[in-house]
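Listed here are the chains, written in short residue letters.
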Amino acid sequence: MPGHRPAAAFLFALAALVWPAGAAETGTGGAAARGAYLFTAAGCAGCHTDIAGKGPPLAGGRALKTPFGTFYGPNITPDPDQGIGRWSFEDFRRAMRLGLAPDGSHYFPVFPYPSFTGMTDADLADLWAYMRGLAPVARPNRPHDVAFPFSWRLPMAGWKWLFFEPGPFVADPARSPEWNRGAYLVQAVAHCGECHTPRNRLGALDRDRHLAGTASGPGGGPVPNITPDPDTGIGRWSAADLTYMLAIGLLPDGDVVGDEMGEVVENGTSKLTDADRTAIAEYLRSVDPVRHEVPRGP
Amino acid sequence: MKAIGGHMGAIAAYVKGEVDHAAHVPVHADALREASRTVLDLFPKGSGPEAGETRALPKIWEDWSGFEAAVRDVEAATAKFAEVAAGTADRKALGAALGAVGKSCGGCHTPYRSK
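Sequences listed follow chains A and B, in order.
Position one of the first sequence corresponds to residue 1 (this note's numbering), numbered consecutively onward.
Position one of the second sequence corresponds to residue 1 (this note's numbering), numbered consecutively onward.
Please keep in mind that the hints were generated in silico from the structure rather than gathered at the bench.
Errors might be hidden in some of the hints.
[Unchecked claim] Taking lysine-lysine and the DSS-like style, the derived pairs with C-alpha atoms no more than 25 Å apart in a straight line are:
| # | chain 1 | residue 1 | chain 2 | residue 2 |
| --- | --- | --- | --- | --- |
| 1 | A | K271 | B | K80 |
| 2 | A | K65 | B | K16 |
| 3 | B | K16 | B | K59 |
| 4 | A | K65 | A | K54 |
| 5 | B | K59 | A | K271 |
| 6 | B | K103 | A | K271 |
| 7 | A | K65 | A | K160 |
| 8 | B | K80 | B | K92 |
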């Protein structure tokens, strides 16, 4: 539409002149729309909403049982007192990239910043734009039910020194754009490894066994090995088996994924684009196969 | 239940493009609908963990009305799917409808089956 372009450009320039500087944080349209998609892919609602108690969206209260105690996801609505309404984008970026609260204290890695650290600045900005537009809810945070010494944040500095490598995802130029997209989604945004990778005694991800499953995951039950090992992992799955599972939760034997993965599919992966699901499948089928039997059932 | 999985798998094979037997889909869809009507009978009192190896959780009998409601959801979802399958061989449409069935499966498999 040739006639519209100069007019649009003029209006845009005008808007840029008169729009307050912080508006990038509460933008509508492009940034917030992209942020909404990232929000779905990252599954924030899953940990930050008390689904079982029918709590309001993102107002916190969901219990996450770990070997270190039970953590309760905090309120991340824009409420100024009970939520993160007073945060700047820089606060949000530091939380996601470095695992640091605005007051400088460390977050426990039950908040999966060791994965979110991989998100790009541009994606974090879009996600923030979306989150700023959500409904504020004045629901106070429930304190974690974690005993000393695990409740002590100071040693987290040491934990980070040992186990945490901050920094955004770096694309591998030897791989296709699709593979890199899949790697970015799995490693950073959808943070699959936070459930699917076994952890050491101090709760850090065992990167040598990336995605190889664990007998006791965050839900308290077994989490499958999703490396391409043919016997203990998903080595016998076709790419279509994988994308279809991500789309509707169906397993190759006709069963369906349940529990937490069912939530992931329903609220997350089923809402991704076909291209993104395909990218995830391509990445997953390329990771090192790890022979690690995770027993299922009671 | 394994029979249900078999029918789901067969339909999925078509939807995923692994096979081209479009005419088989309504066969499996009808079977799925009929099989889902047998599910309640498969869980008589006393057939839980106390009877031996099973993934059925005691919650089934503690919350029978909840369990029954979930099974009725599956009956409704599979009936709906059978209608869709009778009218189209379009993989995208079938895939979407199958998704609704899969969701209803989760209505039991998540709360009433052990991990």
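For the pair supplied as a hint, A:K271 and B:K80, is the alpha-carbon distance within the 25 Å limit?
-> holds, 22 Å
Between B:K59 and A:K271, does the CA-CA distance stay at or below 25 Å?
-> At roughly 31 Å apart (the allowed maximum being 25 Å), A:K271 and B:K59 break the hint.
Hinted pair A:K65 and A:K160, Cα distance within 25 Å = Roughly 21 Å separates the two Cα atoms, so the pair holds.
Pairwise hint evaluation, A:K54 against A:K65, where the allowed Cα distance is 25 Å at most = holds, 19 Å
Given hint B:K16 paired with A:K65 - CA-CA distance at most 25 Å | The given pair, whose Cα atoms are some 37 Å apart, is violated under the 25 Å limit.
Restraint check for B:K80 with B:K92, where alpha carbons must lie at most 25 Å apart | holds, 16 Å
Is it true that the CA of B:K103 sits at most 25 Å from the CA of A:K271?
-> holds, 14 Å
25 Å Cα cutoff - pair B:K16, B:K59 | violated, 35 Å
Going down the numbered hints, you'll see the structure goes against 2, 3 and 5, while the others check out.
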